[in-house]
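K.L.:
As a plain string of letters, each chain reads:
There are 2 protein chains.
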Amino acid sequence: MPRNAFYAQSGGVTAVINASACGVIETARAHPDKIGTVFAGRNGIIGALTEDLIDTSLESAADIAALRTTPSGAFGSCRYKLKSLDEHRAQYERLIEVFKAHDIGYFFYNGGGDSADTCNKVSQLSATLGYPLQAIHVPKTVDNDLPLTDTCPGFGSVAKYVATSMREAGFDVASMARTSTKVFVMEVMGRHAGWITAACGLAAEKEGDPPHILLFPEIPFDEESFIARVKATVEKYDYCTVGVSEGLLDKEGKLMAETGSRDAFGHAQLGGIGPQIAALINAKLGYKYHWAVADYLQRAARHIASKTDVDQAYAVGKAAVEMAIAGKNAVMPAIRRLSDNPYKWDIVEAPLAQVANVEKKMPRDFITADGYGITDACRRYLAPLIEGEDAPPYKNGLPDYVRLKNIAVAKKLPGEFKI
Amino acid sequence: MPRNAFYAQSGGVTAVINASACGVIETARAHPDKIGTVFAGRNGIIGALTEDLIDTSLESAADIAALRTTPSGAFGSCRYKLKSLDEHRAQYERLIEVFKAHDIGYFFYNGGGDSADTCNKVSQLSATLGYPLQAIHVPKTVDNDLPLTDTCPGFGSVAKYVATSMREAGFDVASMARTSTKVFVMEVMGRHAGWITAACGLAAEKEGDPPHILLFPEIPFDEESFIARVKATVEKYDYCTVGVSEGLLDKEGKLMAETGSRDAFGHAQLGGIGPQIAALINAKLGYKYHWAVADYLQRAARHIASKTDVDQAYAVGKAAVEMAIAGKNAVMPAIRRLSDNPYKWDIVEAPLAQVANVEKKMPRDFITADGYGITDACRRYLAPLIEGEDAPPYKNGLPDYVRLKNIAVAKKLPGEFKI
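Protein chains in written order, with the working numbering: chain A, 1214 to 1632; chain B, 1214 to 1632.
Among the clues, some could well be false.
Since the list gives no way to pick one copy over another, a pair counts as held whenever it fits inside one copy or between any two copies.
Each computed DSS-like pair below joins lysine-lysine, with the alpha-carbon atoms no more than 30 Å apart [stated by the list, open to error]: (1) Lys1541 with Lys1464; (2) Lys1631 with Lys1419; (3) Lys1497 with Lys1625; (4) Lys1618 with Lys1449; (5) Lys1497 with Lys1520; (6) Lys1608 with Lys1624; (7) Lys1467 with Lys1574; (8) Lys1501 with Lys1467; (9) Lys1574 with Lys1313; (10) Lys1541 with Lys1419; (11) Lys1467 with Lys1497; (12) Lys1501 with Lys1557; (13) Lys1467 with Lys1419; (14) Lys1541 with Lys1296; (15) Lys1608 with Lys1520; (16) Lys1501 with Lys1573; (17) Lys1618 with Lys1444; (18) Lys1313 with Lys1624; (19) Lys1449 with Lys1497.
Because the hints were derived from the structure by calculation, they are not lab data.
Extracted from the complex, chain A is given alone in its bound form (with noise of 0.2 Å):
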């Protein structure tokens, strides 16, 4: 009898994870001889460690073939993050137990550097608590901060989303600069590296199109040079657009948004740091202004998803469990890039421990030398990663995305486990 599979999702989700899901499972299902059952966990780890497991084999093959296009997490994702094995070795040995239990010998852990990391300690239990398990991990993360790979599955959507909302809006604001609006800021995702304000870079294909300025979270933000460059966008194209990272910092390396306004119950951060550039501006040029927040609809936009990015989602779905069935152990598929334009890419194997808790940076040579845009070298990375569009099916005119059954397995452990 082949020992069963474990896979979760884990971490913020995004429009193609469950490309990864759907690589996972349809690869496993094809090797019948090699892999039994594959069981989600429900709402990530968590559902290992409290025995709520789904069993994947009671949907549909065309079920689980429509999760390629459908957003979101489709078992449940957790931010929840193990402890080393000495800090907390009774979590180890509950999933041990769990797996035991289910005869689990597979872990597929689909997620980003967190995630990484604690697949990185699962492939570690076969070796130290004597329980045999190979740990695969699935990357997975719209930040683009995994190491080792070209891009992380998920980002290729989001920067697809936002530079084509950037484009959109900035037509609509140059329509409407004569006589209203002629400042529109966009605040987009990315805590600690600026990959997805520098997509925004991309709708961008002449000098003088939108967006004008992007602020990164890499450089610091001067607000009297800000507005002196948003007073002259305007004064030369007689509107500016302006694409900020919620991560923006000050001088003091202090996180923007949280030095803003407070609302009407005292709370800091009602408003993100796009209200609070837009208002900026208002407040010492004058200009009318608009912003936006995409907030979740950015890393949730399946509807406008990168194929690039979707084939690369199922991909390294699909090789976490080919590698699996050779035997390894503790490695992520990652993507290579083996040319630009043709973008052409194959899946390599990388070792984990070189992948956790290590965040791939923005080179600085990638951010112009004013700090407000992309170089031609970002604009050569980036491009390749939204090419191709991979609609999903629509019915009555909106998105027709799956919900799965998602039947827990029967429990088979005694008591509680309390996380």
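With the hints as your guide, set chain B onto chain A.
P.N.:
Same frame as chain A, but now just chain B:
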């Protein structure tokens, strides 16, 4: 020699107002014996007043065709309302002067309620100032508040965008609710009428689907009842999604967005009502929240336009020219609904005098008795308006929108006109 036409875009632009421009220009070009050149006003009616006319005959057929898939106002729009003839006779005389200089016999004005009023005034010039001119209004507004027409071009695409975004964000929050975000609030446009707020409701197909609560400008905000509703929703479904109109009013009829926060510079209305509602929920119930304000993204989102909307936008532009050729004045092509399902419609003639300054409100029976949702009658009305997809062409992974050459016609009048 056939007389020339003037065409201008007015007020807030939309994802499909250029499809109407396309309908006007292509139809005029198809009747060279009846209509000479179509001159577009640069920045709306201001272009007429300042004799800043764009010669659309210098644009290629391919570029004019591409207007059908390009959002925003290709010739520039404006927020500028002509006063009455009594109040500002000089403006009307100036219009006549410019029209006479360029032999303009047809006036096509593409806008919402204010523009219909302007167009109606211009339609009277023929009689009052003795200049032969036919004025036809081309309906447009995301607010969906023009009377005598089943819907307003521009609205269907915003409706499709907000319903899609609500569904996608709803899937996202559902994935995260176990350990992270439990509440998601999305602020949408529509200051005076809840049509766009109502459209969010199309995302829900069955009990429990997002959005769980809608806050309409028609229903004064009741904090206690709202908070109780959020609590009950989270307890039942583990998360709660809210769509809120930017025009939400408090019990005294005051705009909630203006009663909220002040920014670091002391300005009111830094955050909109979206973040305000999210913060209120957090203050009262402690749930972790996210919020989005789509702002211009929603009305510029040509990438997810409704095919029905695009078709209607083109049709009203085409019909406007046909009405002009038929000798009509002071009319507006209106959309008449013939059946709900399948949606059938045709174009009829509406007298402009009955359109100007009349706001179509949402019927009370489109909102559920409790004030937080839409009724089946509302759903029947809205559903067909978002039907069909009409993707723009893509290039390098992004929608490929056209920028016209917009070459100015040589001025024939001496001096400048101050607006």
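K.L.:
Compare the structure with each hint and give your call.
P.N.:
Going through the hints against the structure:
For the homomeric pair Lys1541 and Lys1464, neither the shortest alpha-carbon distance inside one copy (46 Å) nor that between copies (64 Å) is at most 30 Å. Taking the shortest Cα distances, Lys1631 and Lys1419 never come within 30 Å of each other, neither inside one copy (57 Å) nor across copies (33 Å). For the identical chains of this complex, Lys1497 and Lys1625 are neighbours neither inside a copy (65 Å) nor across copies (40 Å), given an alpha-carbon limit of 30 Å. In the homo-oligomer, the alpha carbons of Lys1618 and Lys1449 lie at most 30 Å apart only across protomers (18 Å), although the nearest pairing inside one protomer, at 56 Å, exceeds that limit.
In this assembly of identical chains, Lys1497 and Lys1520 lie within 30 Å of each other by CA distance neither inside one copy nor across copies; the values are 42 Å within and 42 Å between. Proximity of Lys1608 to Lys1624 under the C-alpha cut-off of 30 Å is found in neither arrangement, the shortest distances being 37 Å within a copy and 52 Å between copies. For the identical chains of this complex, Lys1467 and Lys1574 are intra-copy neighbours only, at 18 Å inside a copy versus 47 Å across copies, given an alpha-carbon limit of 30 Å. For the identical chains of this complex, Lys1501 and Lys1467 are neighbours both inside a copy (28 Å) and across copies (22 Å), given an alpha-carbon limit of 30 Å.
When the C-alpha separation of Lys1574 and Lys1313 is checked against a cutoff of 30 Å, the pair qualifies neither within a copy, at 39 Å, nor between copies, at 63 Å. In the homo-oligomer, the alpha carbons of Lys1541 and Lys1419 never lie at most 30 Å apart, since the shortest distance is 47 Å inside one protomer and 44 Å across protomers. Taking the closest pair of Cα atoms, Lys1467 and Lys1497 come within 30 Å of each other both inside a single copy (22 Å) and across two copies (28 Å). Proximity of Lys1501 and Lys1557 under a CA criterion of 30 Å is satisfied in neither setting, with 45 Å inside one chain copy and 41 Å between copies.
Taking the shortest alpha-carbon separations for Lys1467 and Lys1419, neither the intra-copy value of 34 Å nor the inter-copy value of 45 Å comes in at or below 30 Å. Taking the shortest Cα distances, Lys1541 and Lys1296 sit within 30 Å of each other inside one copy (24 Å), while across copies they are farther apart (77 Å). For a Cα distance limit of 30 Å, the shortest separation of Lys1608 from Lys1520 qualifies both inside one copy, at 21 Å, and across copies, at 13 Å. In this assembly of identical chains, the alpha carbons of Lys1501 and Lys1573 lie at most 30 Å apart only when taken from different copies (28 Å versus 38 Å within one copy).
In this assembly of identical chains, the alpha carbons of Lys1618 and Lys1444 lie at most 30 Å apart only when taken from different copies (26 Å versus 55 Å within one copy). Taking the shortest alpha-carbon separations for Lys1313 and Lys1624, only the intra-copy value of 12 Å comes in at or below 30 Å, while the best inter-copy value is 85 Å. Proximity of Lys1449 to Lys1497 under the C-alpha cut-off of 30 Å is restricted to the intra-copy arrangement: shortest distance 18 Å within a copy versus 47 Å between copies.
Checked against the numbered hints given earlier, this structure breaks hints 1, 2, 3, 5, 6, 9, 10, 12, 13; the rest are met.
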